[in-house]
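Asks: The chain contents come next:
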Amino acid sequence: MQAVLALADGSIFRGTGFGSSGLAAGEICFNTAMTGYQEILTDPSYCGQIVTLTYPHIGNTGINPEDMEGAQIFCSALVLRNMPRTPSNWRSQQSLPDFLVEQGIPAIAGMDTRALTRRLRNGGAQNAALLVGVKVDEQEALNAARRFPGLLGRDLVQDVAAQHSSEWLLASGSPEQAYQAQPITHPKHHVVVYDFGKKHNILRLLADRACRVTLVSPKTPAAEVIALHPDGVLFSNGPGDPDALDYAQEALREIMAARIPTFGLCLGHQLLGLALGAKTIKMKFGHHGANHPVKDLRTGRVLITSQNHGFAVDAQTLPDVLRITHTSLFDGSLQGMAHKDLPVFSFQGHPEAGPGPHDASIIFDAFVTAMQQYGAAHA
Amino acid sequence: MPKHQDIHSVLLIGAGPIVIGQACEFDYSGVQACKALREEGCRVILVNSNPATIMTDIQTADATYIEPVEWQTVARIIEMERPDAILPTMGGQTALNCALDLHREGILDKFGVRLIGASVEAIRAAEDRGLFKKAMQEIGLDVARSAFGHDMDGARQIAEDIGFPVIIRPSFTLGGTGGGIAYNREEFEDIAARGLEASPTHEILIEESIIGWKEFEMEVVRDQADNCIIVCSIENLDPMGIHTGDSITVAPAQTLTDREYQRMRDASIAVLRRIGVDTGGSNVQFAVNPADGRLIIIEMNPRVSRSSALASKATGFPIAKIAAKLALGFTLDELRNDITQATPASFEPTIDYVVTKIPRFAFEKFPEADDHLTTQMKSVGEVMAIGRSFQESLQKALRGLETGVDGLDEKLSGSDPETLQKLEQEMRVPGPERLWYLADAVRRGWNQDKIQQITRIDPWFLEQIFELVQQEECLRGMPLASLNAARLRELKSMGFSDRRLARLLGCRESQLREQRQKWGIRPVYKRVDTCAAEFHSPTPYLYSTYEMECEAEPGNQPKIMILGGGPNRIGQGIEFDYCCVHASMALHADGFETIMVNCNPETVSTDYDTSDRLYFEPLTLEDVLEIVAVEKPQGVIVQFGGQTPLKLANDLEAAGVPIIGTTPDSIDLAEDRERFQQLLQRLELRQPENAIARSAPEALSKALELGYPLVVRPSYVLGGRAMRIVYAEEDLQRYMEEAVRISNDQPILLDRFLNDALEVDIDAVADQDGQVVVAGIMEHIEQAGVHSGDSACCLPPYSLPEAIQTELRRQTVELALALGVVGLMNCQFAVQEDRIYVLEVNPRASRTVPFVSKATGWPLAKIASRCMTGQTLKAQGVTDIPNPRHFSVKEAVFPFIKFPGVDILLGPEMKSTGEVMGIGASFGEAFLKAQMGAGEHFPSAGTVFISVRDADKDKLVPAALTLVDLGFQLVATRGTAEHLRAQGLDVTTVNKVTEGRPHIVDAIKNGKVQIIINTVDERQSVRDSFSIRRAALQMGLTYYTTLAGAIAGAEAIRVLMREKRSVLRLQDLQHH
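Those protein sequences? They're chains A and B, same order as listed.
3 is the number of the first residue of the first sequence in my numbering; add one for each residue after it.
-1 is the number of the first residue of the second sequence in my numbering; add one for each residue after it.
Isolated chain A, as found in the complex (with noise of 0.2 angstroms):
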């Protein structure tokens, strides 16, 4: 199949196509990590978005039921600069083409990734179009990339969240249990989780801490919410901009003024700053990757981290309530903030990995930890 790329710059790619025929718009963006491609795929997060993926071979591990953070494939169209081989691991068990094809995604290969990642990079994200078929007209791909949208002020929340409550009790598998979830049986903990595009592996990094995890909707009034009666409210990542999502901030302002340990989560990070008065903005490219590294001030340590955003939180515009607790060693951008007075953080990048490394994991201790203490003191 061929393939052509479009961007709504003008500049086209050419390539072979894969997965699904058909067109796909999105805004294009480029992630440099090396491993967990379909961790990334299946992100809620990249609604909207055509993945570049800057390292060459991709597909290489096939697919498997474990490594899934969604249900399904959620980005819109894949780039990739070499076609993918036939997998060669233990636990694949559909080969990323096969994949994309069942998940209605297209795909192109065979072209300069570098080259658009450098536009990318320099000119900022756009929107673009990739086509798919037999045959495929420049002149219709730029047209669809022209007419998308694009994400500034999209609740895409909705099309990503599941709409029912809920509840979640998996936790990771061993490597010798072949990375497949198990059961927890006796949780100490109970966390709401609003789902804006939840990835898995926060749920199962709470299961891992003995968290019973109760998923609802993104508009569930947080009246509900606290009736619940959680130790802890986790709001989670999503896709989209942080400022359309007005029913959100509400839900936060309110749990938090119900003091109960709250943590948001990348989009839920952008959600608490803005439920403080505080401006997100639309970043230049964004941050995709998982080598980012973050600082934590109160440590000096730094966290090498995942990353997945393209909105962020205006450090300028920070409220007095809220302290920086991490930023980013890239550019200096804000990673990390906490309520001076309330048990209320959040982490801008991805301490769940999937994909990524673990350093950052240990943001969710410190929640549990939280959950702990306001535990004890309402017991």
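Mixed in with the good hints, there may be bad ones.
[As the list claims (entries may be wrong)] Chain A side only, calculated, beta carbon under 10 angstroms to chain B, not exhaustive: (1) M36; (2) E68; (3) R87; (4) S94; (5) Q96; (6) T115; (7) R120; (8) R123; (9) T282; (10) H290; (11) K297; (12) G358; (13) D361.
Simulated from the structure, these hints should not be mistaken for laboratory data.
Glycine included, each C-beta is placed from N, C-alpha and C at the ideal position.
With chain A held as given, fit chain B onto it using these hints.
Replies: Leaving out everything else, chain B in the frame of chain A:
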């Protein structure tokens, strides 16, 4: 946190000579470390016995000691210099061992000097297999199960407990001989019994077999605040069972899911914490069972390594430099990423290309050696290539090897049962060429499953190798015209070289190139930037690929391109890289933009900040021409990188590339026997009588005319490849059958061998105005007939009369003028009585340039490169280089210990991997230091065994007397004993091996002999005495196989026992 305030001076211990397993990667690391420490205001004291290193240049450190790397010498240096700290992690195992010795001997405590980078406890925990295993189990990591057995009953029990297959390794045998892998009880009985017998301590290690598992390495860096980063992951294409240094390896890891990768990352960091590597870089190796993902830790090295050098080149992250700064107390976030110049060092490099490393072997030098690859490293060098796909990087690496292949060239023809059996055997029991045999199997239609079962290579790699071969077979026999532009572009992006394609299509390389360029199919150059283009990179560290956008951004200033030496091999090693680096430094200082082209990841030349621009590319005509087309340099230097660039000189010149310095025609004049002979006749210089033969019968008849003994060799070789001394017609006949293929294009050269002649090496430098300066006269210690690279030599000459030296200088100048040398020249002479013979002239950098530069204090390569860009010697202030007052001895270092079954006799074929230098007030002292630097542990009492050929018997007497004076006893075989007794010496007679037991080898094995002097000439006695030399090697005895070596050795022992040894600072010896 700023650096430790109490560290103002640091002693850095170098790795010593280049040996198998420890090559120039430690010069690269050490140079980075020196620069990093000095940047932070530390006074750096350096000890290393290897003169062919950039680190031992007096500009690199504040105080430089070219002295043996052993604790007593280093203790003296510590006493003199009083460093605050020692950094032992930059000099390989040699430096770590030396640090442990210094600790054990109480030197560290005595002088209050601390180890930085690695503690004694950490080094021990990583080194000691028992401690390591225990530590790993404590942190929940799996290790291969193993135990020691001392008898058959115990061994059987262990094997049953572990389960088959098991690996049996006898303790303390040379090269692990006597071990094996047992798949069942029957095999176990056999191998275990043999192993117990072979081990001098009757001990075998029985280990769970993880042969065939996937092998990975992680390069980890940790700072004192416990920040840890993974710089690079490496996956071995060759599964477990082959030493990682001998494996084809790929970066980053290709067949791990993120879960598995992160598990390995967590484990690596946990290992560093547990072992206690507080600051610096370490390498952690893992095996993974492809069936179920089981992860086993193999080992860790608490220091920089060959792999860390590879990881640094593969990612652009300078591990050694960062590790040195961390050792001073900095944290990663306080250090900058030099490549982006905008982000900190506390991040994990991410790459958007594939790196392939392929080892280079030298088995052709050791035909008797077992060339099967095992867990003991046997390769002597490596090549690295970067591409945007595995296929591209693999094929670039293949052609960068310079082993005569342009890609996956065919090894075997035919499909008869014998050939097929050989194919299977070569894949099952891997040797250095397994990959090519594998390709041959693909050509014969073997399916992937079958090959996978035989080789255990991961299917992900296999599939791509299959595809390459299948592409080749589609092209085979087709005309060039059958290609279209799209197809050719596709092939080029898979990494096929022009030459390989041309061969498959039956056209000339130039035709293919012309067609390719007509279609506009040219490589672009991408940057190695540590970040997959996430940040702008101002650093021009480039590699080629066939894509859309070129990032070379060449400048307009005057520029000089330097072609490097490619992978290290015997005969072409670090010395040539040294010259290339010096050329770059000098010309950069002169205002040129310098451009380095090389593909050897171990070297200083391929550090991204050695030259203004670095092209990490194979040194083939195709690759060089494309870079020239992009850069358009004013000049290209081909005379510094050894044969690698020289081979390209004519073609480059023909393509209009501006080669500077001595012209390719002059180089040809010196290398072409017949032209050179005419030149010598014109200059009225003497040459050993010689002839050239283009067929076997011609060789035999010419040999008869010249008379035996003769030196024979193929023309156009470096390192004396396939060079022999033949004593009789049958020797010559055998040589032509076994060693060389003679043809019209590949003639052999016959030289009359000069018995008992002295050999002399001279390096000189000349400018375009015809000024010639002789830089150094080196008198060889071994007589003519031993390859100059293997021979010890002394500068200035220690016995050569002044008049002869003057005449040698005159002849050298004549030769340089006649050849029109601009730059460096090396001449080799033989002096027989008063007659001088010209053996060889090489108008290019020689192996001895670094040695001469260190001995005289004149940076020859810098001077020569300035001559090549038009400066005169006079303008540089170089008019005369007198003999220095101190003596410098260069000694060669050999890899025999790695090759069971190989004879240690020296001959005209070069076999050494490296060299050391000793500097002293007398020849004896300098020679002693050189010997110590080469790892010799002289005995100070005991017995000397002497068995020498008749011609040597008289001349050996003074040396024997010296040894007796020093208190040694003598034993000798009958003939030698009688001769020595006649001279009044007290000698005990011992049986030859052929004379019945107990014989000399029994005595050696029983520890009754400490020194062996054994010279031989004819074939029979060579064979008879082979077991003596092998036993000497195995027992680690002091041995001499040449008369001159023995005489010098006796003098060295005398100096050791009777005189006080100096420790000299190079900065005090070199004043200009």
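Asks: Confirm or reject each hint.
Replies: Results for each hint:
Below 10 angstroms, beta-carbon pairs count as interface contacts, and M36(A) has one with chain B at about 5 angstroms; its hint therefore holds. Because the smallest distance between the Cβ of E68(A) and any Cβ of chain B comes to about 7 angstroms, under 10 angstroms, the interface hint for this residue holds. At about 6 angstroms, the closest approach between the beta carbon of R87(A) and any beta carbon in chain B falls short of 10 angstroms, and the interface hint on this residue holds. The interface hint given for S94(A) holds, since its Cβ lies 8 angstroms from the closest Cβ of chain B, which is under the 10 angstroms cut-off.
Using the Cβ-Cβ criterion of 10 angstroms, the hint placing Q96(A) at the interface with chain B is not satisfied: the shortest such distance is roughly 13 angstroms. Interface hint at T115(A): satisfied, since its Cβ lies 7 angstroms from the closest Cβ of chain B, which is below the 10 angstroms cut-off. Hint status for R120(A) relative to chain B: holds, with the closest Cβ pair at about 5 angstroms, below 10 angstroms. This hint holds: R123(A) has a C-beta 6 angstroms from the nearest C-beta of chain B, less than the 10 angstroms allowed.
A cut of 10 angstroms between beta carbons decides the hint on T282(A): the least distance to chain B is about 22 angstroms, and the hint is violated. With its C-beta approaching chain B no nearer than about 9 angstroms, H290(A) sits inside the 10 angstroms limit, and its interface hint holds. A distance limit of 10 angstroms between C-beta atoms decides the matter here; for K297(A) the minimum to chain B is near 6 angstroms, and the interface restraint holds. Residue-level restraint check for G358(A) holds (minimum Cβ-Cβ distance to chain B is 7 angstroms; threshold 10 angstroms).
Interface hint status for D361(A): upheld, as the beta-carbon distance to the closest one in chain B is roughly 8 angstroms, under 10 angstroms.
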